[in-house]
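K.L.:
Sequence:
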Amino acid sequence: MPRNRFLLIATLVMMVSGSCSNIITTPTLTPTSAPEKLKLINGEIDACLLISPSEVEYVLGLKVATKAWFATMGAVGCVYTSVSDDRTIFQTFVTTDATLKKVNSPYSAVETYESLKRSHLQSPEVYKINEIENFGDRAYSTDASFLQINILNNGIYYDFTTETISDGGIGYDALMKLAEIALQKMP
Numbered sequence: 000m001p002r003n004r005f006l007l008i009a010t011l012v013m014m015v016s017g018s019c020s021n022i023i024t025t026p027t028l029t030p031t032s033a034p035e036k037l038k039l040i041n042g043e044i045d046a047c048l049l050i051s052p053s054e055v056e057y058v059l060g061l062k063v064a065t066k067a068w069f070a071t072m073g074a075v076g077c078v079y080t081s082v083s084d085d086r087t088i089f090q091t092f093v094t095t096d097a098t099l100k101k102v103n104s105p106y107s108a109v110e111t112y113e114s115l116k117r118s119h120l121q122s123p124e125v126y127k128i129n130e131i132e133n134f135g136d137r138a139y140s141t142d143a144s145f146l147q148i149n150i151l152n153n154g155i156y157y158d159f160t161t162e163t164i165s166d167g168g169i170g171y172d173a174l175m176k177l178a179e180i181a182l183q184k185m186p
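For what it's worth, numbering that gives the first Met the number 0 labels the leading residue of the sequence shown as 0, then goes sequentially.
It should be emphasised that the hints constitute simulated quantities derived from the structure, not laboratory data.
Even glycine gets a Cβ: it sits at the ideal position worked out from N, Cα and C.
The reader is advised that the hints may include incorrect statements.
Unchecked claim - Beta-carbon label-pair distances, calculated as ranges:
id: 1; residue 1: Glu124; residue 2: Lys62; range: 30 to 40 Å
id: 2; residue 1: Ala70; residue 2: Gly170; range: 37 to 47 Å
id: 3; residue 1: Glu35; residue 2: Glu124; range: 36 to 46 Å
id: 4; residue 1: Glu124; residue 2: Val82; range: 32 to 42 Å
id: 5; residue 1: Ala143; residue 2: Asn41; range: 28 to 38 Å
id: 6; residue 1: Thr71; residue 2: Asn41; range: 10 to 20 Å
id: 7; residue 1: Gly60; residue 2: Glu110; range: 14 to 24 Å
id: 8; residue 1: Gly154; residue 2: Arg117; range: 17 to 27 Å
id: 9; residue 1: Glu124; residue 2: Lys66; range: 27 to 37 Å
id: 10; residue 1: Thr163; residue 2: Ile40; range: 18 to 28 Å
id: 11; residue 1: Asp84; residue 2: Gly154; range: 31 to 41 Å
id: 12; residue 1: Pro34; residue 2: Asp172; range: 18 to 28 Å
id: 13; residue 1: Glu130; residue 2: Ser83; range: 28 to 38 Å
id: 14; residue 1: Lys62; residue 2: Tyr106; range: 14 to 24 Å
Between the sequences and the hints, there should be enough to build the whole structure, so can you do that?
P.N.:
In structure tokens, the structure reads:
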């Protein structure tokens, strides 16, 4: 009898474990790999590579076109415009020591970030300043007639700017989501 009982138990275990393989489980979502970090080319970064049009469409549900340009203030810029109505949605700027040298600026990107922040802090009636913790090396946002997220990361100054929602911009939350995407690509 003990042998038969063993066979009966073994058969039941195989049936149970065999039936368990038919249980449907929800697959575990694995996070996609982190985006590749952008590389400096001659000390500069293409600002349009920080956030792709498809990433903008994902966040905003809006098709955009991009146009890169060099700002006279010594930054490489990228304008994101709505494909449907050619309206500027937001802009990004990247200031490096190399882009500042192109306009004969005696300042570094770090000094430019710090100087701009000081000027914002000196005008509290115009600029509402909010520190952003754990976002690059240092970061803050301004809320004035436009919204701006300023990030200093690895000696490079990044600026993300949009109009207020009432003026047709995308607003702070959406701008922050786009800046978070860019932060993952910043060298």
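K.L.:
Quick check on a hinted range of 17 to 27 Å for Gly154 and Arg117, using CB atoms only.
P.N.:
With a Cβ separation near 18 Å, Gly154 and Arg117 satisfy 17 to 27 Å, so the hint holds.
K.L.:
Quick check: does the Cβ-Cβ distance between Glu124 and Val82 fall within 32 to 42 Å?
P.N.:
For Val82 against Glu124, whose Cβ atoms are near 38 Å apart, the range 32 to 42 Å holds.
K.L.:
Go ahead and decide if the range 37 to 47 Å is satisfied by the Cβ distance of Ala70 to Gly170.
P.N.:
For Ala70 and Gly170 the Cβ distance comes to about 24 Å; the hint is violated.
K.L.:
Given the hint of 36 to 46 Å, check if Glu35 and Glu124 actually sit that far apart at their C-beta atoms.
P.N.:
43 Å, holds
K.L.:
Between Lys62 and Tyr106, is the Cβ distance one that fits in 14 to 24 Å?
P.N.:
Given about 37 Å between the Cβ atoms, the range is violated.
K.L.:
Between Thr71 and Asn41, does the C-beta distance stay in 10 to 20 Å?
P.N.:
Distance hint for Thr71, Asn41 holds at roughly 19 Å.
K.L.:
Is the gap between the beta carbons of Ala143 and Asn41 within 28 to 38 Å?
P.N.:
33 Å, holds
K.L.:
Are Asp84 and Gly154 spaced within 31 to 41 Å by their CB atoms?
P.N.:
38 Å, holds
K.L.:
Do the beta carbons of Glu130 and Ser83 sit within 28 to 38 Å of each other?
P.N.:
For Glu130 and Ser83 the Cβ distance comes to about 36 Å; the hint holds.
K.L.:
Should the hint that Glu124 and Lys66 are 27 to 37 Å apart at their CB atoms be regarded as holding?
P.N.:
Cβ of Glu124 to Cβ of Lys66: about 34 Å, so the range 27 to 37 Å holds.
K.L.:
Taking the CB of Thr163 and the CB of Ile40, does the distance hold inside 18 to 28 Å?
P.N.:
Hint violated: Cβ distance 34 Å, outside 18 to 28 Å.
K.L.:
CB of Glu124 to CB of Lys62, is that within 30 to 40 Å?
P.N.:
For Lys62 against Glu124, whose Cβ atoms are near 38 Å apart, the range 30 to 40 Å holds.
Hints 2, 7, 10, 14 from the earlier list are contradicted by this structure; the remaining hints agree with it.
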